[in-house]
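So the protein sequences, as listed, match chains A and B. If you use the working numbering, the first sequence corresponds to residues 1 to 344, in order. If you use the working numbering, the second sequence corresponds to residues 345 to 688, in order.
Derived from the structure by calculation, the hints contain no laboratory data. Hints should not be assumed to be uniformly reliable.
[Unchecked claim] Simulated DEER-style distance windows between Cβ atoms: (1) A:LYS36 to B:LYS686: 25 to 31 angstroms; (2) B:ALA610 to A:MET1: 31 to 37 angstroms; (3) B:LYS451 to A:LYS24: 41 to 47 angstroms; (4) B:GLY641 to A:LYS24: 30 to 36 angstroms; (5) B:PRO488 to A:SER53: 55 to 61 angstroms.
[What the hints assert, rightly or not] Not close to chain B: a few residues of chain A, all C-beta gaps over 12 angstroms, as computed: (6) SER29; (7) SER31; (8) GLU43; (9) ILE50; (10) LEU63; (11) MET70; (12) GLU71; (13) ASN119; (14) GLN122; (15) PRO158; (16) GLY210; (17) LYS308.
Since the model is a prediction, treat every value here as computed from it, not as a measurement. Where is the CB? At the ideal position from N, CA and C, for every residue including glycine.
Number of protein chains: 2
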Amino acid sequence: MDYFTVGPSQLYPIVPTTIQRALKDGITSISHRDQKYITLHKETVSNLKILLSIPSTHSIFFLSSGTEAMERIIQNTVQLHSHHLVNGSFSDRFYQTAVELGKKPTKTEVTYGASFDWNHIQIPSGTELICATHNETSTGVMVPLRKLYDLKRSSKTPLLALDTVSSMPYVDVDYSQVDMTFFSVQKGFGMPAGLGVLIVSEQALEHSAGSYHSFASLSTYANKYQTPETPNVLAIYTLNEVVKDMLKKGIKSIRQDIDKKSDMIAAYIKSSTTYDYLVTELHDRSKTIHVLKVKGGSARSIKLLELKGFAVSSGYGDMKADFIRISNFPSHKVKDIKNLLKNM
Amino acid sequence: MDYFTVGPSQLYPIVPTTIQRALKDGITSISHRDQKYITLHKETVSNLKILLSIPSTHSIFFLSSGTEAMERIIQNTVQLHSHHLVNGSFSDRFYQTAVELGKKPTKTEVTYGASFDWNHIQIPSGTELICATHNETSTGVMVPLRKLYDLKRSSKTPLLALDTVSSMPYVDVDYSQVDMTFFSVQKGFGMPAGLGVLIVSEQALEHSAGSYHSFASLSTYANKYQTPETPNVLAIYTLNEVVKDMLKKGIKSIRQDIDKKSDMIAAYIKSSTTYDYLVTELHDRSKTIHVLKVKGGSARSIKLLELKGFAVSSGYGDMKADFIRISNFPSHKVKDIKNLLKNM
């Protein structure tokens, strides 16, 4: 089966052999306080910083999921007032996380499938943190980062948090503008689920709350190239190998490939009488997550593709019956996308 | 290398082939909302309940580590007053977790290496939860469960939480007496780290606080055989296979094997002039974690064993220089222990 699901998705090509080697070499038995682990942790952080151009001032923390990252961001940096840009189910979950943690969050919400009216977003005074989702996995809307940077600056909000769960490593973040960026590895990095990555600025690190995953605790251990708890060592090892492979290919080339494959999908959809984009505005459309309305409903289309060996995701939530979602990650080759489109 | 480290430790024999099969069969690419995942989740919970005799009234939640389990227990069930039995670094971490979360915990603390004076433990009135560590991985002290059950009853404390991180599945818990029991899979289950398991009673489930890992949220998803976030699906798949293999062997036989191997280690230490137990009282000694003082310091002993192909753990914290720790888990065969002892 070829997986074009939105995550977990197709494994990055080197993942199976990497995991086999880790098992053979006893990586899964080493202690997370051992020098071997420390060397691995240090190398992984260093390679990630090179690949994504993360400045040395920023810290990288390993968590267990993107969902955990949302919780830790709110818990550590918000006393009461976060403001959320909500345009889909995952940005809404970020908002709900703040509600559940007893904060008083506010939000700017738009119809699912639309983007924001950037000139009219009101950030309440006293807002401590703006939370935004770069790439809404539920709707396939990608927001322009420059508008977010401007919003932070013009509203004089101290902190900005960015969900890049389904756009990393495609997205080119200016980390001098963003205080917390997070992703999980089962999407753009093509790995098994079970690891979240949180990139934190010095400004954000001035805040801390909670127990073992307070920023203070995470930072104390990160400075020793360790984690407070026993981490998912196998995933950290695998991530390091995937990032090394991506460094060999070059991030520019990986991003260009995604643009190219995205254009191929868009061209096909334009000519199709069965499929059409949920997102009507071309400049709002995600390159990595294509959300498509299916004439006659999604169930038959998903079933037919499955019989031909292609797994795609159904629409999210209320859109389940009418939409499908297709991912376009570094794991997908041009010929894979060609093959999929030929069979759609 | 043969790993007698206290966790991560030796892989359970079927783990490497199980992970290879999971990768080949696309388990790491399936969605955690898909029927295939739901079937896997349901089967894993069901097999764990059979293996460990967990009553149907109890829920099983998948978390990311034992450390997370400590945090979620305090966060969800304690308003202010937990009481902790502290006899080592991990029971102390449980206590510290409550402090860090802003609670007002109390504790009964004994010298590391000793157990408790059960007739004189005072549980303050108003205590909501007693927290105890069945098997202290830092000191090798195992406490008698019946004393804990009695303590809960006599003190009329509503809830009891039990850390079985390094004693499960050896420990035979009476779940009608314990409200929250947790372990992680890199010890007695011989798996790569990155999954914690929390077993929760109906009484404990009446409490809830937090966001995606509040008991309410965990329970809502567990009832659908799912998790709130994308979980470590590879680990859940592997756990299910390990538990199935253990069911084939029979839990009684697994526990008897651990007793037998523990007796072999004890007999060797008794005759040794180099090694001696930290724990002087025979009935307090752990069967799964053997903490041994080394004449002349631990460094040379660890190095020599490593050269012969045996990895053991150093002493924990302050005991690093003088002690070693040896694990005795289901992954270790009788002949492995014989081999290790012959080379000590």
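Tested hints:
no. : hint                                    : result
1   : A:LYS36 to B:LYS686: 25 to 31 angstroms : 26 angstroms, holds
2   : B:ALA610 to A:MET1: 31 to 37 angstroms  : 52 angstroms, violated
3   : B:LYS451 to A:LYS24: 41 to 47 angstroms : 44 angstroms, holds
4   : B:GLY641 to A:LYS24: 30 to 36 angstroms : 33 angstroms, holds
5   : B:PRO488 to A:SER53: 55 to 61 angstroms : 57 angstroms, holds
6   : SER29                                   : 4 angstroms, violated
7   : SER31                                   : 6 angstroms, violated
8   : GLU43                                   : 18 angstroms, holds
9   : ILE50                                   : 25 angstroms, holds
10  : LEU63                                   : 8 angstroms, violated
11  : MET70                                   : 8 angstroms, violated
12  : GLU71                                   : 5 angstroms, violated
13  : ASN119                                  : 33 angstroms, holds
14  : GLN122                                  : 26 angstroms, holds
15  : PRO158                                  : 22 angstroms, holds
16  : GLY210                                  : 7 angstroms, violated
17  : LYS308                                  : 15 angstroms, holds
Of the numbered hints stated above, those contradicted by the structure are hints 2, 6, 7, 10, 11, 12 and 16, listed in ascending order.
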